[in-house]
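Engineer: Heads up: the first sequence begins at 638 in our numbering, then just goes up one per residue.
No wet-lab data here; the hints were simulated from the structure. For clarity, every value in this text was computed on a predicted model and none was experimentally measured. We put the CB at the ideal spot given by N, CA and C, even for glycine. There may be inaccurate statements among the hints.
[As the list claims (entries may be wrong)] Derived Cβ-Cβ restraints for the label pairs, each shown as a range:
#1 Asp747 / Ile715: 37 to 45 Å
#2 Val728 / Pro688: 16 to 24 Å
#3 Ser801 / Lys669: 32 to 40 Å
#4 Ser743 / Gly695: 35 to 43 Å
#5 Thr653 / Asp771: 19 to 27 Å
#6 Thr653 / Gly730: 13 to 21 Å
#7 Asp789 / Lys698: 40 to 48 Å
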Amino acid sequence: MTRFLKRPFFERDTLTVAPELLGREIIFNNTKLKKKKGVIVEVEAYTKDDPACHASKGLTKRNEPMFGPGGYSYIYFIYGMYFCLNFVTEVNGVPGAVLIRALEVSGNEDERIASGPGKLCMYLNITKDYNKIDCCREDSPLVITKTNLLKDFSIVQTKRVGISHAKEHPWRWYVEDNKSVSKLIR
DNA sequence: TGCTGGATTATC
DNA sequence: ATAATCCAGCAA
């Protein structure tokens with residue numbers, strides 16, 4: 638028994654896994670800094686046949702974690718200044734990932750301190766050092782709880798954010814009326 | 001070896 | 001609406 642999500646949870650269809658992450662808690666223990674955590678309130682799915690997915694054109698140095706087993710982290714650097722956190726889905730050999738777009742942080746924090754993929758990595762102190770780590774290990778510094786911390790919430794499904802391709806999939810899910818979601822618009 | 005644009009954010 | 005800021009990916 639364990640408190641945290643394990644490999645079988647992640648090694649399923651990306652579009653199934655993504656919305657199931659809503660309400661669960663990410664716990665990140667950067668050993669040199671303060672332990673941080675937050676409840677997932679917004680996610681997006683990226684699959685292999687999708688032009689917007691980093692893995693759509695095959696294996697490269699950057700997207701390599703996406704091709705490995707589910708339950709690993711995939712962290713990339715974007716716009717010269719931000720990191721984005723993903724959890725790898727699908728079995729070994731099949732690329733796929735869920736981008737974590739927003740966390741609700743309890744306590745005295747600003748409710749929008751982690752309301753965006755770049756902001757949440759700054760809040761958690763996540764960097765490339767934690768790329769491709771196995772989040773299913775019991776001693777992993779980065780884990781997700783099995784328990785859902787939100788109750789009686791509704792899920793809204795919409796188009797993804799920041800995708801410039803003509804055809805776009807409705808593969809963004811967020812907790813309805815949650816103050817920590819990245820964008821207020823639909 | 002050089003160029004381009006991006007799964008973003010804060011500010012104007 | 002646009003600057004900040006840099007590197008992966010691709011063309012050559």
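Engineer: Evaluate each hint against the coordinates.
Structural biologist: Results of checking the hints against the structure:
Checked against the hint of 37 to 45 Å, the pair Asp747 and Ile715 fails, with Cβ atoms roughly 23 Å apart. At roughly 23 Å, the beta carbons of Val728 and Pro688 sit within the given window of 16 to 24 Å. Checked against the hint of 32 to 40 Å, the C-beta distance between Ser801 and Lys669 comes to roughly 37 Å, which is consistent with it. Between Ser743 and Gly695 the beta carbons are some 41 Å apart, a value that agrees with the proposed interval 35 to 43 Å.
Here the CB-CB span from Thr653 to Asp771 is close to 21 Å, well matched to the stated 19 to 27 Å. Checked against the given bound of 13 to 21 Å, the beta carbons of Thr653 and Gly730, roughly 18 Å apart, stay inside it. Checking the proposed 40 to 48 Å range against Asp789 and Lys698 shows it holds: the Cβ atoms sit about 44 Å from each other.
The structure shown violates just one earlier hint, number 1.
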